[in-house]
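Two chains, two frames, a set of hints: combine them into the complex.
Residue numbers (my numbering), protein chains in the order written: chain A, 313 to 606; chain B, 96 to 406.
If you are wondering where the hints come from, they were derived from the structure by calculation, not from laboratory data.
Small disclaimer: the values here were computed from a predicted structure and weren't measured.
A virtual CB, placed ideally from N, CA and C, is assigned to each residue, including glycine.
It cannot be assumed that every hint is accurate.
Stated by the list, open to error - Among chain B residues calculated to face chain A with C-beta under 10 angstroms, some are:
no.	residue
1	Leu-111
2	Ile-115
3	Ser-138
4	Cys-209
5	Met-383
As the list claims (entries may be wrong) - Distance condition first, Cα-Cα at most 27 angstroms in a straight line; then the derived DSS-like pairs of lysine-lysine:
no.	chain 1	residue 1	chain 2	residue 2
6	A	Lys-315	B	Lys-311
7	A	Lys-315	B	Lys-399
8	A	Lys-513	A	Lys-419
9	A	Lys-413	B	Lys-399
10	A	Lys-322	B	Lys-311
11	B	Lys-399	A	Lys-419
12	A	Lys-513	A	Lys-413
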Amino acid sequence: MIKRVTFRHKWLPYALLAPQLLITLVFFIWPASQALYQSVLRQDAFGLRTEFIGFENFADLFADPTYLSSFHITLVFCLAVASISLGFALMLAVMADRVIKGATTYKTLLIWPYAVAPAIAGVLWYFMFNPSIGINAWILRTVFGYDWNHTLDGGDALLLVIIAAAWKQVSYNFLFFLAGLQAIPRSLIEAAAIDGASPLKRFWTIVFPLLSPTTFFLLVVNVVYAFFDTFGTIHATTNGGPAGATNTLVYKVFNDGFIGLDLGGSAAQSVILMIIVVSLTVVQFRYIERRVEY
Amino acid sequence: MVENRPWLTVVSHLVLIVGIAIVVLPLWVALVASTHTGRDLLSAPIPMWFGSHGVDNYRQMLTSGMEHVSGQPLTLMLFNSLVMALSIAIGKIVISLTAAFAICYFRFPLRMTCFWIIFITLMLPVEVRILPTYEVIANVFTPLTRLLELFGFEGDEIVIAGLSIRLDFSMLDSYTGLTLPLIASATATFLFRQFFLTVPDELTEAARIDGAGPMKFFRDILLPLSRTNIAALFVILFIYGWNQYLWPLLITTDPSYVTVVMGIQRMVNVADTEPQWHLVMTAAVLAMLPPVLVVIGMQRLFVKGLVETEK
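Chain B extracted, bound-state conformation (with noise of 0.2 angstroms):
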């Protein structure tokens, strides 16, 4: 503080009490709407201090979940969610290591062409490639037949040392599905990448001497190295993977691959009756709550991982 003025300290901290009051309302309101029961929340004005039915509405929606849509208990939903969050972060995180690794540590024909192949999928989110996305996963060896149709082989089948193979294999609901399209990061990439070429040179001069091959040198030295790194890029991939809307969307049909946050909108979107906002609300709860619980819980590694990752 540069100076004592004791009525602007007073009127600062209203200003973020009103502000966090403000952004704290909506959590609020979900939380005690989740304790009661749909009656209580027919007519405005609805209760504003939790109720008795928590218990029940949090059992319901866990075990049995919401009648008239799907009726998919929401561990299931969660389950899923977690699944695609952790494949996501883990899956990001490994490929990202070893191509920053190959880029950075080697000389190889092609370097650069393969970097300029990576820079550009930060161009390309999901939003901008809807249709073709979708096609190329209900068929994962579409760009291989069409490519194939180009040098006049045609069908979809190719023969190898007599074994006929089929070049049809569909990714629609299945957690592959969900999840590998999603794993190609060039924001890890270049954050890995940025980080390697701070590491001083004399490890590697001093790795090469004692005989180590690189990938001893990636394993027992860049990789402990980076440890913080990796654990700051986790927490903010676990989120990304856990909030992922979208892509859930299109690809699954099968109501047992549907994540947690893309349910919710089942649920709210219901046809011609209101929502059961008590059950709705118990679900906003539980969806918002593991990805809640990872920020504040590591606050620090968050912190990182975001200011990092806009670099």
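Isolated chain A, as found in the complex (with noise of 0.2 angstroms):
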């Protein structure tokens, strides 16, 4: 926690730590300390009276049947961004393990997706999808006889953003996957080879269980990735809809409160989202004390 030698001062350390305070002191905890005292009360249209209400503004908000189907989106749409990039970067990661040649140059032109910002990722696969125009929907349209068009369809909206936000996300977890599979002592893979274990056995049975610590933290990492980092995804591409179909927990409450000005209701949002954060953020580091262990 601290150094055995220290030095001493009267004020250096403070002044040390005063800008750092004072920014989170103004920036985050105060804003988070209002979004808590805003969610029990309730203001009239004009901002002149307002009262207590207690847990009026959460009771409202799961009687809410659009707050409902947004948690509902949200889920479906974390799992899936988390399982399509976790499965195909582990996929890429297993045969970058194995191959030899060429594998700096398959490394680089994997990685780069990290440094593209979601809203283009967005931006670019809604082209590649753009219903007249895409090359994607057109593929979809001429080979499999699909009419592709998120602008129309809530499915199809719901699957472009996840496919952009997954597209993004593959480089990291790819790093870290490759990461782990060469941490693994091969010592372990030779001697499963020596009894005759077939690649895809050595893999369930040995590089899948030993690499588990790396997948859970990159599946706690995915999670809060596609929870709040995917508001770009989602506000420059299909803006929440069609009809709500993208609607997730941070664009609503992004949505009510900035737009739709809903003080209260937008506050409740706010605090679902810290319980969450804070869940996520516990689950994450409990689980690193162990991975030190491991």
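If you want it as structure tokens, here you go:
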């Protein structure tokens, strides 16, 4: 926690901490406490009168079918993004771990999407799936006879943002999986090979179980990413629509609070999101402590 | 490789090539589309090979931008993004370095409280506190005036030594507003704290015996030792800053402060007509270029930064 040898000074440590603390208090702690405070109040349309209403805002939220459907959409979205990008990245990492020739080139070609902003990723896939001119929509129509239209069909729209969000996260997962694979002792795999286990059997009985700490860690990171960092992907492409089909929780907080100006309801949604982040962070930290022992 | 299975090696290469094709396809389509005219992109299937209008498209976007959407040239947006990315990266590194130094190398009252206050920021991303943060940006003194109200002071003016100070300062539509609220960082503080804990105590003892004060020790010993960590973190934070979306969206209404990542959304969401895709893709390529070049050019630092910020 602290160094054995320390310095002594009356005010210097406070001066060194001041910028970070000031920004944290003004831009983090204060707004968060305001959200907590406003979530138990009701304000009239002109902001003239406020009254304390306890948990009524929360009760309203959970009685609201659009909020419940937003919860449902967010869950589907998170699970789909996490499983697609994890599965795809694991497959590529296993292959990249096997090959010797060209390994660095493959790696370079796979990591760059990390640098693409979620909003730009959304726009790129939006263009590829554009119903009239997009190359993917065209292939779907001419080869599979499927009429793709994410501006009208909610399922198509959700799939579009899932693909765009998963695509961007593949590089991150790939790097961590590759590092995890390279940390597995070769002797274990060689021993299994000598005993006659096929590559597939070796993967499922040795590699995959030994990789599980990495997989679990990545799962948490991916869920957090899908929850919070994909606002740009959705806002730049589907705008939460059509008919709320891609209205995730974070998008809804923005929309209700910033566009719809519903103070209490937006604050209550913020509080629920905070609870979700806190629990995800706790899971992540408890897990990381265990990883050290592993 | 454990054993020689030629067919498996071929399959591995095939899977990798197909995987990379899927990953690279959006970039390819964007690059190709940015070299065509709007008319070439009117009907499916659109061309998959480069056209001849690349120079025109890029010149138009860089110098004049897209006419019906505020018409800001992309050079300005790119400049705004660069200012934002650099200020966030440098700001975060500076205040985290000093904060981590204070927490590791000093014993003082409320040390753990300060540590926990910083730690909490990890759990409060912008996305969960959109409205109240906006209020603070609209008037940075909001927290102060509210606290003064609690103690019985009313109004937004305070008088100190005959000088009246109006407590009203808006950060909307400014570079300060774009960057300052984002530079508090628990992750960077943790990273430096973690690193400082591995620095041998003998160095500190030697410095103290030679009569060096804390700031001299910080400048001449700790900073040079942290050079690689700072560089690795810089790569990650630059990308983080460049790719910010929600924050600039909330606090900028003046088109001259629009960043490129957020400006593209205005070009896509045009009412009633199809977006001008050739220009949108030109803008997308320009917006991707700087962070992608940083990742590819500084691959080693990037991987190091990525692994360490997640520890």
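Verification of the hints:
1. With a least beta-carbon distance of about 5 angstroms to chain A, the hint placing Leu-111(B) at the interface is held under the 10 angstroms criterion.
2. A hinted interface residue such as Ile-115(B) counts as satisfied when its beta carbon comes closer than 10 angstroms to some beta carbon of chain A; here the least separation is about 5 angstroms, so the hint holds.
3. Taking 10 angstroms as the C-beta cut-off, the interface hint given for Ser-138(B) holds, the closest approach to chain A being about 7 angstroms.
4. The criterion of a C-beta within 10 angstroms of any C-beta in chain A is met by Cys-209(B), whose closest approach is roughly 5 angstroms, and the hint holds.
5. Of the supplied interface hints, the one on Met-383(B) holds, with its beta-carbon coming within about 5 angstroms of a beta-carbon of chain A, less than 10 angstroms.
6. For the given pair, Lys-315(A) sits about 17 angstroms from Lys-311(B) by alpha-carbon distance, which is consistent with the 27 angstroms threshold.
7. Of the pairs offered as hints, the one joining Lys-315(A) and Lys-399(B) holds, with about 25 angstroms between alpha carbons and a cut-off of 27 angstroms not exceeded.
8. A threshold of 27 angstroms between alpha carbons decides the hint, and for Lys-513(A) with Lys-419(A) the separation of about 26 angstroms falls inside it, so the pair holds.
9. Between Lys-413(A) and Lys-399(B) the alpha-carbon distance is near 23 angstroms, which keeps this suggested pair within the 27 angstroms criterion.
10. Note on Lys-322(A) and Lys-311(B): the hinted pairing holds, with a Cα-Cα distance of about 17 angstroms set against a maximum of 27 angstroms.
11. For the given pair, Lys-399(B) sits about 15 angstroms from Lys-419(A) by alpha-carbon distance, which is consistent with the 27 angstroms threshold.
12. With a C-alpha separation of about 24 angstroms, the suggested pair Lys-513(A) and Lys-413(A) falls inside the 27 angstroms cut-off, and the hint holds.
Hint compliance for this structure: no hint is broken.
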